[in-house]
Amino acid sequence: MSIIYKTFRTPKNYYVYDRNTNSVLLINEEEYDALNRLESGFDTTESMDTIKKYQDSGYLKENVVVEIKHPSTDLLEHHITHRMTQITLQVTQNCNLRCGYCVYSGDHQNRSHTNKVMTFETAKKAIDLIASQSLELDEISVAFYGGEPLLEFELIKKCVDYIEETLEGKNIVYAITTNGTLLTPKLADYFAEHNINVTISLDGSKNEHDVNRKFANGKGSFDVIMSNIEKIKKHNPEFIKRIAINTVINPKSDYSCVKEFFETDEIIKDASIGLNLVDSGAGKNSYNEYADDFWIVRRYEYFKFLLGLTKRIDKKYSTKLLRTQKNMIDHFYSTLQQRHTISTIQHHGGPCIPGARRLFVTVDGDLFPCERVSEVSETVHLGSLSTGIDVKKAEEILNVGKVTEEECLDCWALLHCSMCVAQCDDGEKICKCTKLKNCEQSKRKVLDDLMEISALKEFGYDFKEGALHG
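Numbering (numbering that gives the first Met the number 0), first residue to last: 0 to 469.
Treat the hints as calculated values from the structure; they're not laboratory data.
Glycine included, each C-beta is placed from N, C-alpha and C at the ideal position.
Don't take every hint at face value.
Ranges between beta-carbon positions, derived for each pair [said to hold, decoys possible]:
(1) S1 <-> F119: 55 to 65 Å
(2) G387 <-> E259: 48 to 58 Å
(3) G168 <-> H77: 20 to 30 Å
Below are the BS3-like pairs computed for lysine-lysine, each with C-alpha atoms no more than 27 Å apart in a straight line [said to hold, decoys possible]:
(4) K319 <-> K230
(5) K11 <-> K428
(6) K268 <-> K213
(7) K315 <-> K258
(8) K205 <-> K232
(9) K268 <-> K314
(10) K240 <-> K463
(11) K240 <-> K156
(12) K185 <-> K218
(13) K442 <-> K456
(14) K325 <-> K463
(15) K436 <-> K68
(16) K391 <-> K401
(17) K218 <-> K258
(18) K233 <-> K319
(19) K444 <-> K5
(20) K251 <-> K233
(21) K11 <-> K401
(22) K51 <-> K11
(23) K185 <-> K213
(24) K325 <-> K240
(25) K319 <-> K240
(26) K319 <-> K463
(27) K5 <-> K456
(28) K68 <-> K123
Work out the full structure: start from the sequences and follow the hints.
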């Protein structure tokens, strides 16, 4: 008998997540103990009685999944040739900063910084590609990436002109990620005119930011970035509301100091803040090893954030660094509302549709699934602007779950797993061993989300309204 579920509890109640129906069920303590024993491999009369009770109501039925295959597999080529939604143009591999944790620092399984620049001819070919392969869409996205993309601002302007000429009639969503050192009021006016969304990398106060984000000469970049933002704010006060700040917290960061900076600094108080930990990629240095003190403060702040959602404390006591988490919580809740009987063919939800969703075009015109994968790995190399997209390779990347099919078939977290090829690439192949190393972290994240959602509901949080009810 194979029944796939996961028991869990909050301080207040007991629950079981049923994979077949993607449902969270409130259960009593005796049922929790019985199901927990069966989950641990102990078959008891109480366990089977509890199973039968819920099976009579349509839950906890036998597993029906027999194959791991992405639902978009059969339409993959059509998605690539008719529904390409986004491209990211790597306009340069050069950068005027040398950040300690950067994936291009030479410390990771990826390329290092170079002086290579995308030619306008290459950019036009990439734009022509999405123009010809997005015929079924009214809206597409174009992002500019580096290196530091503003080193090639003139190329970006040419690209925008060509996009608006070539893709006339479509709604274009633009985005650019920059370190902020080259921003000027003039550039801000251009971004506002063309509705280009700007993300600036800023890691907190001067002491925190300058630890890692330095110019090539070793000098910190904080003062330059803040001066640029201040000039832009004086020139166009509304533009700051268009800026998103990406903050990377590294293991050496003082979380409390970072929090205080973003909550009190007048220059950036109107910008939205997104918080990320250092990418746990295969770096040579231990940038992803966080001390216990860091997690103690982080969890305390997250606890206050949850209390703020349920109005147990005033939201002013909830750090600005975590407010974007609300969207993630609401999104996870929405996926739990998609209740249905699971199909016999299933795949976990991590992979984007390679070649259609976030196609990354390098300075040389090479094609990759997105900007987060390694540019030196043949595993994720989809082709080039000259050869086109290798649909067979894209299919392998889309169906990354195949490499762990046996484990995925019996995994309770299958429907909410976010793993993609970026967590499975060992540099030579999609590797089962590499993927399984990341599985426990993925399952832990899903379990934390289930517990969080259940606890918030217990305290009366209304996910539809984003507020307390009752």
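Checked hints:
1. S1 <-> F119: 55 to 65 Å: At 57 Å between Cβs, range holds.
2. G387 <-> E259: 48 to 58 Å: This hint holds: roughly 51 Å between Cβ atoms.
3. G168 <-> H77: 20 to 30 Å: holds (22 Å)
4. K319 <-> K230: holds (23 Å)
5. K11 <-> K428: Status violated; Cα separation ~45 Å.
6. K268 <-> K213: Between K268 and K213 the Cα gap is close to 24 Å, so the pair holds against 27 Å.
7. K315 <-> K258: holds (13 Å)
8. K205 <-> K232: holds (19 Å)
9. K268 <-> K314: Answer holds: K268 to K314 is near 16 Å, not above 27 Å.
10. K240 <-> K463: holds (26 Å)
11. K240 <-> K156: holds (22 Å)
12. K185 <-> K218: holds (25 Å)
13. K442 <-> K456: Distance of about 21 Å is within 27 Å: holds.
14. K325 <-> K463: holds (12 Å)
15. K436 <-> K68: holds (21 Å)
16. K391 <-> K401: holds (14 Å)
17. K218 <-> K258: holds (24 Å)
18. K233 <-> K319: Given that 27 Å is the threshold and the Cα spacing comes to 23 Å, the pair holds.
19. K444 <-> K5: holds (13 Å)
20. K251 <-> K233: With Cα atoms ~33 Å apart, K251 and K233 exceed 27 Å; violated.
21. K11 <-> K401: violated (39 Å)
22. K51 <-> K11: holds (25 Å)
23. K185 <-> K213: OK: K185 and K213 at ~24 Å, within 27 Å.
24. K325 <-> K240: Holds, at roughly 19 Å.
25. K319 <-> K240: Holds. K319 to K240 sits at ~15 Å (cutoff 27 Å).
26. K319 <-> K463: holds (22 Å)
27. K5 <-> K456: At roughly 19 Å apart (the allowed maximum being 27 Å), K456 and K5 satisfy the hint.
28. K68 <-> K123: violated (35 Å)
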